[in-house]
Amino acid sequence: MMGGEHDAGDVAGVVPGDGVWEDPRPRPARDAVPVLSVAGFEGPLDWLLEMARAQKIDLARLPIVALIDAFATALETALAGQHRTAPLGLWGDWLVMATTLTLLRSRLLLPADPADARAAEDEADRLRRQLLDRSVVAAAADWLEHRPQLLRDVFARGQITRTLPERAGDITALLRACLALITLPEGSEPYRAPPPPVWRVTDAIARITQWLADVPEGGCPLSLFEPAIDAALPDAAFRQRVATASTFLAGLELARDGRIALDQSKAWEPVLLHHQPSGAGRQATA
0 MMGGEHDAGD VAGVVPGDGV WEDPRPRPAR DAVPVLSVAG FEGPLDWLLE
50 MARAQKIDLA RLPIVALIDA FATALETALA GQHRTAPLGL WGDWLVMATT
100 LTLLRSRLLL PADPADARAA EDEADRLRRQ LLDRSVVAAA ADWLEHRPQL
150 LRDVFARGQI TRTLPERAGD ITALLRACLA LITLPEGSEP YRAPPPPVWR
200 VTDAIARITQ WLADVPEGGC PLSLFEPAID AALPDAAFRQ RVATASTFLA
250 GLELARDGRI ALDQSKAWEP VLLHHQPSGA GRQATA
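Residue 285, in numbering that gives the first Met the number 0, is where the sequence shown stops; the numbers in between run on with no holes.
One thing to keep in mind: the hints can contain errors.
[As the list claims (entries may be wrong)] Here are the simulated distance ranges between beta carbons:
id, residue 1, residue 2, range
1, Glu252, Leu180, 42 to 50 angstroms
2, Arg191, Gly218, 35 to 43 angstroms
3, Ala71, Asp124, 28 to 36 angstroms
4, Phe154, Arg133, 54 to 62 angstroms
If you are wondering where the hints come from, they were derived from the structure by calculation, not from laboratory data. Just so you know, these numbers come straight off a predicted model, no measurement behind them. Even for Gly, the Cβ is constructed at its ideal location relative to N, Cα and C.
Make the full structure from the sequences, and use the hints.
Quick look at the structure:
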């Protein structure tokens, strides 16, 4: 901003032959013009206007709101002071000065390029539509929020109960029909599941009897008469336990008949089988 001492001719900015501001109308005296004080500038209104027109001052640095407030303050001061009796034409000149200066400042707010101005208008329209869309969505969300909700504010109609026609029936006939269904037909036999393919006691007795003549003089372990079980079978362990139990029971049965003798020296030792050809009852010992 410009400051310092200014004489009357410099402040007025009117020099004979100068084309900065050519106005044939007579100007009011310097002391009759309202004084502005805004954004570091302090001086008469007409001087600020002349400097702005001559581009000797940067209006872009003057806030337009502060400029308008300074106009109002200066005019109120002039109205309350010694200028309250000024002619109406003088007040009109001041108003024209203030309006012209405001117009010059407001033009700086608009883009100089028409393309930039159009882009600014399009951007403003887009933002306006976006705000409008947001307001519409917010209104719709608020409307949905206040709608009654199912199972909270309102409840649906219950399931319709269908009534079937009643049918008369005889309980005696029902019982007879049930009896006919559960009665087995004549000549039918109950189903018996086949026994599992395991080594039975009779099989063990036949095996021991068949190999009894080959038993050595000192006897042999009873486990030698157990059959070989395929380890790949899913129930191989079960079959092995059944074969061991069946062979042991077969040995006890033959020892009771006196055909063999069983001997075990101590607990958890193998059971030895001895052949008794005479059948003279050598008893089994444990």
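Each hint tested on the structure:
1. Glu252 <-> Leu180: 42 to 50 angstroms: holds, 47 angstroms
2. Arg191 <-> Gly218: 35 to 43 angstroms: holds, 41 angstroms
3. Ala71 <-> Asp124: 28 to 36 angstroms: Holds: the Cβ-Cβ distance is about 33 angstroms, inside 28 to 36 angstroms.
4. Phe154 <-> Arg133: 54 to 62 angstroms: Roughly 34 angstroms apart at Cβ, these two residues miss the hinted range, so it is violated.
Hint 4 from the earlier list is the only one contradicted by this structure; the remaining hints agree with it.
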